Amino acid sequence: MTVVLETRDVTRYFGAVKAADHLSVQLQEGEIVGIVGPNGSGKTTFVNIVTGYVKPTQGQVFFKGGDVSGLDPRELTKLGITRSFQVPQLYTRLSILENMLIALSAHSERHWQFWRPLKTGERINQALRVLGQFGFQDGTHHRVSTLPEGGRKLLDVALSFALRPKLLLLDEPTSGVSVDEKFGLMDTLVGVVKDSGITTVFIEHDMDVVARYADRVIVFAEGSILADGQPDAVFANPEVRRHVLGEGV
Amino acid sequence: MDELTIVVLNGVLFASYLFLVSAGLTFIYGVMRILNVAHGSLYGLGAYMGAWLVLTLWPGGSGALPPAWSYVVLLLGGIFVGVTVGPLLERVFIRRVVDRGEVIPLVLTFALFLILEDVMKLLWGVNSYLADMPYSMLGSISLAEVSYPVYQLLLPLVALVAAGLMWFVINRTLFGKLVISVIADREVSAAMGVNVPRIFTFAFALGAVLAAVSGAFIAPMSAVVPGISIEVIILAFAVTTIGGLGSVPGAAIGAVLVGLLRAVAIQRWPEFDLFVVYALMALILLIRPRGLFGGLEVRRI
Amino acid sequence: MRRLRDRRTLLLGLALLLLIPPFLPGWLLFLLTVAFAKGLVVLGVVLLLRGDLVSFGHGLYYAGGAYAIGIALKDGFPVREALALVALGTAFTTVLAAVVGLFIARYRGIFFGMLSVAFTMILYSLLLKLRWLSGGTDGIPVRATTYVGLETSADTVRLIQYYFVLVLAAAAVYVAYRVAASPLGYLMRAIYDNEIRVEYMGASVHRAIYRTYVLAGALGGLGGALTAVTVGHISPDMAYWTVSGEFVFVALFGGLGSVFAPMIGSVVFEFVRNYAFKFSPYTWQMLLGGVLLVIILFAPGGLWSMFENLAARRKREPAQAPTERMEVQRVPAEGR
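In order, the protein sequence lines correspond to chains A, B and C.
Each residue of the first sequence is one higher than the one before, starting from 1 at the first, in our numbering.
Each residue of the second sequence is one higher than the one before, starting from 1 at the first, in our numbering.
Each residue of the third sequence is one higher than the one before, starting from 1 at the first, in our numbering.
Incorrect hints may have been included.
To be verified - Straight-line alpha carbon distances no greater than 30 Å define the calculated DSS-like cross-link-like pairs of lysine-lysine that follow:
no.	chain 1	residue 1	chain 2	residue 2
1	C	Lys129	B	Lys177
2	A	Lys166	A	Lys119
3	A	Lys18	A	Lys55
4	B	Lys121	C	Lys74
5	A	Lys18	A	Lys64
6	A	Lys166	A	Lys18
What the hints assert, rightly or not - Partial selection, computed: residues in chain C whose CB lies under 8 Å from chain B:
no.	residue
7	Ala118
8	Leu126
9	Leu128
10	Leu252
11	Glu270
12	Asn274
13	Thr283
14	Met286
15	Gly290
16	Ile296
These aren't lab readings, by the way, just hints derived from the structure by calculation.
The model shown is predicted, which means the values in this text are computed figures rather than measured ones.
The beta carbon of each residue, even a glycine, is placed where N, CA and C say it ideally should be.
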């Protein structure tokens, strides 16, 4: 099993606040990892550092063996790290299909990107295929602004997936989605991701979702990692139960 | 010695003019985040109103009222234009686009500018209005071997008074405190109960009054013709950009810089007197886009 | 061109443009020719507007293309063939745009607008005052003696100029069409919509804007060069900010929805200007301002979207929500 991502002593200060405290993590290829922890525990900072949104104050990040510390999101995306957002970041004025077409064309760095049309038959077929995997069948010509929240979340993930990442980070993919839709969304998402062998990390607040879909759980608290392992074991840990589930306080 | 005196005098005069026309523009931007192209029109309206009033009340340079009152007339004319046209524009048009970014309000104020250009032509025709009585009345004095019109010393005084007034209003009045809070964060201010739309109207009116009064006081110096608004607004843009959008002290420093620079250029490199202004504007935008005193973020990658 | 209807309309339009002119009077040909030339400048402005960049100083390229020719002729440039002159003007402005773009392409919103105005006013101030170079307010006469080898006489000059400009403008519009339909074109629209997402897709916002800017500059220069040759005279006013403002106006008036919109907007504009100005010169600007207000407040898609809505209603198709509008959406703040 190859190590896809490794962070070594990654630390980040925001003024006096230590948002990330010597985080050292290794992610294996194909793992599906859930990241949990109370607000302000450093989960989002961790994701932000790995995706280049924030630079670590100290420490290094290695991706596929190479040092990627301090690279910006664009470069990281091209290397194979993509993310989805808590508030879906989409091109709301364009259609669902166009969003996907743009993602696919951004991924391929061919020449004459200003002359050949975006909407070629080949690319459209590819786009429809990926969209189909995520449950978008008809209506892909509609504007994104017509999509409900669940659809937007899925599309956000679909776009990040279309960029052919090796590592995909999802920031609270089920937040804002109704309880009955959550599992449907995760079923689709995890189904696609498992088939392609992409290492997937998702931040979650819903422990049921984590227990059901994650191979591995990393628990954050106050900027450092409290526990790291299989969901059953981690959730049985009394420290974890205290911090995250609020028991015994 | 002569040359230096000329440059300093011209520089100060030009700086006063630039500050007067720019202060209102930068203030409105600071409060509403809107770059008001129609600011030039307010200047023009003030100039026409001032000149027209003076020529009407003192036809041929003399009239029933004491000539000293002409200064009051200019001031009142400018204020009148500012408090009527300003709130009108703000309430009816500008308010509708305040939350549509920065570009759309800019284009909207450009549309208003076009309309007001013709309004001025319809109201006052295309002839030039030279109401030089308040200017010539003061005569000239001898300053370091140079004969200098007294009115051109009055203008810096007006600029200083305007600057002082702005400082006082912003720092010592309740309105000023509310303005500062709206500048800092519009939404939080509204959440705290500040009547933001009302602040906008007042701020806009203040900026409009400054523009119109500037126009009125500069009218006696040179003929008021269609097209002065066009010239003024682009200079005001340059000065506010250099000083930093939203900063009134910045407008003052920018005005002094540009004024002196222009005065020097006119003496030494007359072919480049306009060039230096816009070159400085471009330079500042490239090196320090937020201007010398601007605290606002610049969208840039 | 997905729909047959679109293709048919285009062919019909082209046919009209090609076949009717020999029957039109000289003044009308002149008006159309100038409208097409200026429409190219507007096209450049539109391409940038699609990416939320208002080039309030596009006159830099309009005047730049014209004066490249004018100054060359003034200094004894021996060639008088129109195609060569226009190529000179366009080449010059393309290089100028490539240089200016290095600086300006990093800016957005009003700072982009202000910088572009600064540059055009810099050019204006130089053209105005450096009389030995530019002729100052007198300007420079520009006359081509041959058009693609054809010589002109007083009877034929307007017609020949018309076809000359028509062909070049059509070629330029075609290029713009290809670019707009390409990944670069869509990337500009994406940038307008959500710049952050573009970066997180691995595409370079800066590079896309730079490339579009150079193209827009080239179009502006081509338009300026064609105008110079057609009108026969150039003056520093071409670089004054109000001329650039006019281009922005026509861009919004025509609408951003298509690469053909600037041409249509420009032609309508020139017609209305011609008549409105004669009819009432003191309310012409008021009319412009009024129309612009109406567009901003009620019809942000300009003429083009009105077209589209009319056409959709006639064919009883569900009118698609216009995808090109002068709107600004605040990008939602990213979750913590």
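Outcome of the hint check:
1. Between Lys129(C) and Lys177(B) the CA atoms are separated by roughly 46 Å; this puts the pair beyond 30 Å, and the hint is violated.
2. Among the hinted pairs, Lys166(A) with Lys119(A) is consistent with the structure: their alpha-carbon atoms are about 26 Å apart, no more than 30 Å.
3. A distance of roughly 13 Å separates the Cα atoms of Lys18(A) and Lys55(A); the hinted pair therefore holds under the 30 Å criterion.
4. Restraint check for Lys121(B) and Lys74(C): the C-alpha separation of about 38 Å exceeds 30 Å, so the hint is violated.
5. Distance hint between Lys18(A) and Lys64(A) is fulfilled; the C-alpha atoms sit about 27 Å from each other, no more than 30 Å.
6. Between Lys166(A) and Lys18(A) the CA atoms are separated by roughly 29 Å; this keeps the pair inside 30 Å, and the hint holds.
7. Against a cut-off of 8 Å between C-beta atoms, the interface hint on Ala118(C) holds, since the closest Cβ of chain B lies about 4 Å away.
8. A least Cβ separation of about 6 Å between Leu126(C) and chain B falls short of the 8 Å threshold, and the interface hint therefore holds.
9. With a least beta-carbon distance of about 7 Å to chain B, the hint placing Leu128(C) at the interface is held under the 8 Å criterion.
10. Restraint check, Leu252(C) versus chain B: the minimum CB separation of about 7 Å is within 8 Å; hint holds.
11. Taking 8 Å as the C-beta cut-off, the interface hint given for Glu270(C) is violated, the closest approach to chain B being about 17 Å.
12. Taken as an interface hint, Asn274(C) does not check out: its beta carbon lies about 17 Å from the nearest beta carbon of chain B, beyond 8 Å.
13. Because the closest C-beta pair between Thr283(C) and chain B is about 5 Å apart, less than 8 Å, the hint holds.
14. At about 4 Å, the closest approach between the beta carbon of Met286(C) and any beta carbon in chain B falls short of 8 Å, and the interface hint on this residue holds.
15. A cut of 8 Å between beta carbons decides the hint on Gly290(C): the least distance to chain B is about 6 Å, and the hint holds.
16. For the restraint placing Ile296(C) at the interface with chain B, the shortest Cβ-Cβ distance is roughly 5 Å, inside the 8 Å limit, so the hint holds.
Checked against the numbered hints given earlier, the structure breaks hints 1, 4, 11, 12 and satisfies all the rest.
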